[in-house]
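Participant: So you can see what is in the structure, the chains are spelled out below.
2 protein chains.
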Amino acid sequence: MSETPSRRIDRIQPFRVMALLAEARELEQQGRDIVHMEIGEPDFPTPPPVVEAATRAIADGKVHYTPAVGLSALREAIAGFYQDRYGVSVPAQRIVVTPGASGALLLALGVLLEPGQGVMLADPGYPCNRNFAHFLDARVQPVPVQADTGYQLSLALVQQHWQADTRVVMLASPANPTGTLIPSAELEAIIDWVERQGGTVIVDEIYHGLIYGESPPTALGCSERVIVINSFSKYFGMTGWRIGWLVAPGELIPGIDKLAQNLFLSASTPAQHAALAAFEPQTLDILEQRREAFEQRRDFLLPALREIGFDIKVEPQGAFYLYADCRRFTDDSFAFAQALLQEIGVAITPGNDFGDNQPQRHVRFAYTTSLARLQEGVRRLQQRLAPDG
Amino acid sequence: MSETPSRRIDRIQPFRVMALLAEARELEQQGRDIVHMEIGEPDFPTPPPVVEAATRAIADGKVHYTPAVGLSALREAIAGFYQDRYGVSVPAQRIVVTPGASGALLLALGVLLEPGQGVMLADPGYPCNRNFAHFLDARVQPVPVQADTGYQLSLALVQQHWQADTRVVMLASPANPTGTLIPSAELEAIIDWVERQGGTVIVDEIYHGLIYGESPPTALGCSERVIVINSFSKYFGMTGWRIGWLVAPGELIPGIDKLAQNLFLSASTPAQHAALAAFEPQTLDILEQRREAFEQRRDFLLPALREIGFDIKVEPQGAFYLYADCRRFTDDSFAFAQALLQEIGVAITPGNDFGDNQPQRHVRFAYTTSLARLQEGVRRLQQRLAPDG
Ligand SMILES: Cc1ncc(COP(=O)(O)O)c(C=O)c1O
Ligand SMILES: Cc1ncc(COP(=O)(O)O)c(C=O)c1O
Numbered sequence: 115m116s117e118t119p120s121r122r123i124d125r126i127q128p129f130r131v132m133a134l135l136a137e138a139r140e141l142e143q144q145g146r147d148i149v150h151m152e153i154g155e156p157d158f159p160t161p162p163p164v165v166e167a168a169t170r171a172i173a174d175g176k177v178h179y180t181p182a183v184g185l186s187a188l189r190e191a192i193a194g195f196y197q198d199r200y201g202v203s204v205p206a207q208r209i210v211v212t213p214g215a216s217g218a219l220l221l222a223l224g225v226l227l228e229p230g231q232g233v234m235l236a237d238p239g240y241p242c243n244r245n246f247a248h249f250l251d252a253r254v255q256p257v258p259v260q261a262d263t264g265y266q267l268s269l270a271l272v273q274q275h276w277q278a279d280t281r282v283v284m285l286a287s288p289a290n291p292t293g294t295l296i297p298s299a300e301l302e303a304i305i306d307w308v309e310r311q312g313g314t315v316i317v318d319e320i321y322h323g324l325i326y327g328e329s330p331p332t333a334l335g336c337s338e339r340v341i342v343i344n345s346f347s348k349y350f351g352m353t354g355w356r357i358g359w360l361v362a363p364g365e366l367i368p369g370i371d372k373l374a375q376n377l378f379l380s381a382s383t384p385a386q387h388a389a390l391a392a393f394e395p396q397t398l399d400i401l402e403q404r405r406e407a408f409e410q411r412r413d414f415l416l417p418a419l420r421e422i423g424f425d426i427k428v429e430p431q432g433a434f435y436l437y438a439d440c441r442r443f444t445d446d447s448f449a450f451a452q453a454l455l456q457e458i459g460v461a462i463t464p465g466n467d468f469g470d471n472q473p474q475r476h477v478r479f480a481y482t483t484s485l486a487r488l489q490e491g492v493r494r495l496q497q498r499l500a501p502d503g
Numbered sequence: 115m116s117e118t119p120s121r122r123i124d125r126i127q128p129f130r131v132m133a134l135l136a137e138a139r140e141l142e143q144q145g146r147d148i149v150h151m152e153i154g155e156p157d158f159p160t161p162p163p164v165v166e167a168a169t170r171a172i173a174d175g176k177v178h179y180t181p182a183v184g185l186s187a188l189r190e191a192i193a194g195f196y197q198d199r200y201g202v203s204v205p206a207q208r209i210v211v212t213p214g215a216s217g218a219l220l221l222a223l224g225v226l227l228e229p230g231q232g233v234m235l236a237d238p239g240y241p242c243n244r245n246f247a248h249f250l251d252a253r254v255q256p257v258p259v260q261a262d263t264g265y266q267l268s269l270a271l272v273q274q275h276w277q278a279d280t281r282v283v284m285l286a287s288p289a290n291p292t293g294t295l296i297p298s299a300e301l302e303a304i305i306d307w308v309e310r311q312g313g314t315v316i317v318d319e320i321y322h323g324l325i326y327g328e329s330p331p332t333a334l335g336c337s338e339r340v341i342v343i344n345s346f347s348k349y350f351g352m353t354g355w356r357i358g359w360l361v362a363p364g365e366l367i368p369g370i371d372k373l374a375q376n377l378f379l380s381a382s383t384p385a386q387h388a389a390l391a392a393f394e395p396q397t398l399d400i401l402e403q404r405r406e407a408f409e410q411r412r413d414f415l416l417p418a419l420r421e422i423g424f425d426i427k428v429e430p431q432g433a434f435y436l437y438a439d440c441r442r443f444t445d446d447s448f449a450f451a452q453a454l455l456q457e458i459g460v461a462i463t464p465g466n467d468f469g470d471n472q473p474q475r476h477v478r479f480a481y482t483t484s485l486a487r488l489q490e491g492v493r494r495l496q497q498r499l500a501p502d503g
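Sequence order for the protein chains is A and B. Sequential numbering of the first sequence, starting at 115, is according to this note's numbering. Sequential numbering of the second sequence, starting at 115, is according to this note's numbering.
These are calculated hints, taken from the structure and not from any lab test. Just so it is clear, the structure is predicted and the values come from calculations on it, not from any experiment. Treat the hints with care, as some may be off.
No distinction is drawn between identical chains; accordingly, a pair holds when it is met within one copy or between any pair of copies.
Stated by the list, open to error - Derived lysine to aspartate or glutamate pairs resembling EDC-like cross-links, with alpha carbons at most 16 Å apart:
1. K176 with E155
2. K176 with E228
3. K427 with E365
4. K427 with E394
5. K176 with E457
6. K176 with D124
7. K176 with E409
8. K427 with E142
9. K176 with E166
10. K176 with D439
11. K427 with D413
12. K427 with E490
13. K176 with D157
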């Protein structure tokens, strides 16, 4: 009995990409050159002003626990960011600093869900979301989404799949693995309808800073009852620091505070002090240049992959992912990804990690490596998959 | 409905000491001088070699995600620590790096517990433990412990309170809030008996580096099925960095890895690189000096409080806490703590935070401030509580 893990563990699938990543590392140790298009984090280092702020804080001995909800100064700075960037006024008291968006998702779902209640989410989608729900003994209600809705939940889909026990609807805009946005009017309509059913919408805006084209408003403008998840990981280039935040209705903050006190004690103190520099004009300039670099990469990779024969049905407007139908080449995306890795040293993520909606027919490309490396990757793919193209 | 938190939140009590801490900060802002004896973290800064390692890692751009179970080098270093300090050989594969002992406790309980299963723990005890269990919809089985067992579970108590659904027994040695140890023979007997019932023992050794007197062996020497929790927070002076670890039976590691991948992605990367320097001889020298300083503080504070009239029934051999019966002064320890704060500017933690076993009659003193400040605190307590003593 002792060595049998709890059933909640059985319901959680390990990420298939981890096996590929390990294989890739092994090949590299053997001297092979691998083009990494599987990795879900920016290749850019943490911006220098943020690094400097961290170094200063550490030297000053700012290394003790903070309040569980985060440093007041950081909550204020995040409130200022919503004001400056989105023109939305969010009181700092509704903002909770967390160990990454990961910590924010655990707190948000933890405060909302009774065991057995339903969590509606798009399939394909960010894999951890359904696993947080499994962890909390909630019921995952995946909705297969297609290109016609930009791989997003729509009001019609939400209404169609709503069940008596549905408590939470999870959205992400831009989304992982598709990079697609939810149109603002649709977002508003979903939030409005779900809240009228007595449910809560969680919107993951972790990729909101990485949008190519017109910037949509934050979901916080739609309602004071929506929960918004965000993070310093992706746009701000701070993955390994483990720092993010959530914005929740005021009534939920005491419960979230209690949970954070117990589960985390607090988020990393050096990371919090570092993040204070993330909103400085100098940092935002650097981030804007990086956003442009990502856009350039997308503008190269998207047509190049289409030309090879990958069917990318929706032009993604954000994040750093391309979600491609690969049925022209395979009906087993995992074997396909493994073959590409072994044969031509190109690492990509098989669809299996994102759900059960035709995963064998899909792969995800991440443009989290330089344009030159992406070009090399495309060259290899071209040669292997479309030699006469 | 939307703003009603889940029932699991209702079962979690907020820490009473937080209200006192906020009051203390307010008094300080009004210019009052407060002696802090309520704080559960070392006043010492992070040791310089650890700070240097962090600064170097950050400058080198070591700020990306690591494997969910932690950097191999750190897992190896922790294995080396067990070998050097305890003469126990623990394969690095059984070690998982976590966001503090907090993260380790969530993973350990998460991998073991089905909803409804029982978790036996000592009352008084570390408050988060029962709240982790509540969070996982497990049943908390608190066992009132008294001075006769050093405020620890004994084999007799475990046997007496064992129930058909008991899955986990949680121990801590030294314990919070009492600073007491479990005798090695007793520890071994408990582990042996619980494992024969098919249960698992979790031993929290977060204060194991802070023992005054002979160093007992780690619980890892007793069994390969025990789970040991530890952290860089207390002994290593790294609270705000959020970095700790657990050691688990090999069979549980894949499940723990899956959970960590989903709940945390990884522990803080700068903190992991910093922690690599925690086991260097130079760091250990500093930590040994600090351990001696804590011992000196205990040796001052313990008799001084007894003289004032606090009944400290067991001489604590570790951590930085004294757990005192205060019935000579009050039968409402929370009101008592508030009065001491307001009237003489001495902050302590009321028993309420540690359980339901006569909490009104107990308070916890933390010697996490300098000897000079402790002396000032004792002077004020003496004047207020034993003016003729
Ligand atoms: C959609 C989405 N949400 C949340 C996260 C978690 O990121 P973090 O915990 O680093 O903030 C990720 C990471 O890949 C993600 O893709
Ligand atoms: C007994 C015990 N275990 C675990 C923890 C958690 O510490 P951390 O998460 O900082 O490692 C604490 C903190 O006070 C503690 O007292």
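Participant: Now look at each hint and say whether the structure bears it out.
Facilitator: Against the structure, the hints come out as follows:
Taking the shortest alpha-carbon separations for K176 and E155, only the inter-copy value of 13 Å comes in at or below 16 Å, while the best intra-copy value is 27 Å. When the C-alpha separation of K176 and E228 is checked against a cutoff of 16 Å, the pair qualifies neither within a copy, at 38 Å, nor between copies, at 39 Å. Neither within a single protomer nor between protomers do K427 and E365 lie at most 16 Å apart by alpha-carbon distance, with minima of 41 Å and 43 Å respectively. Neither within a single protomer nor between protomers do K427 and E394 lie at most 16 Å apart by alpha-carbon distance, with minima of 38 Å and 55 Å respectively.
With identical chains, the CA atoms of K176 and E457 are never at most 16 Å apart, being 49 Å at best within one copy and 30 Å at best between copies. Taking identical chains as interchangeable, the C-alpha atoms of K176 and D124 are never at most 16 Å apart, the minima being 40 Å within one chain and 33 Å between chains. Proximity of K176 and E409 under a CA criterion of 16 Å is satisfied in neither setting, with 37 Å inside one chain copy and 25 Å between copies. For a Cα distance limit of 16 Å, the shortest separation of K427 from E142 qualifies neither inside one copy, at 33 Å, nor across copies, at 61 Å.
For the homomeric pair K176 and E166, the shortest alpha-carbon distances inside one copy (14 Å) and between copies (14 Å) are both at most 16 Å. When the C-alpha separation of K176 and D439 is checked against a cutoff of 16 Å, the pair qualifies neither within a copy, at 49 Å, nor between copies, at 34 Å. Taking CA atoms no more than 16 Å apart as the test, K427 paired with D413 passes inside one copy only; the shortest distance there is 15 Å, against 72 Å between copies. With identical chains, the CA atoms of K427 and E490 are never at most 16 Å apart, being 24 Å at best within one copy and 72 Å at best between copies.
In the homo-oligomer, the alpha carbons of K176 and D157 lie at most 16 Å apart only across protomers (11 Å), although the nearest pairing inside one protomer, at 28 Å, exceeds that limit.
Of the hints listed earlier, those the structure fails to meet are numbers 2, 3, 4, 5, 6, 7, 8, 10, 12, in rising order.
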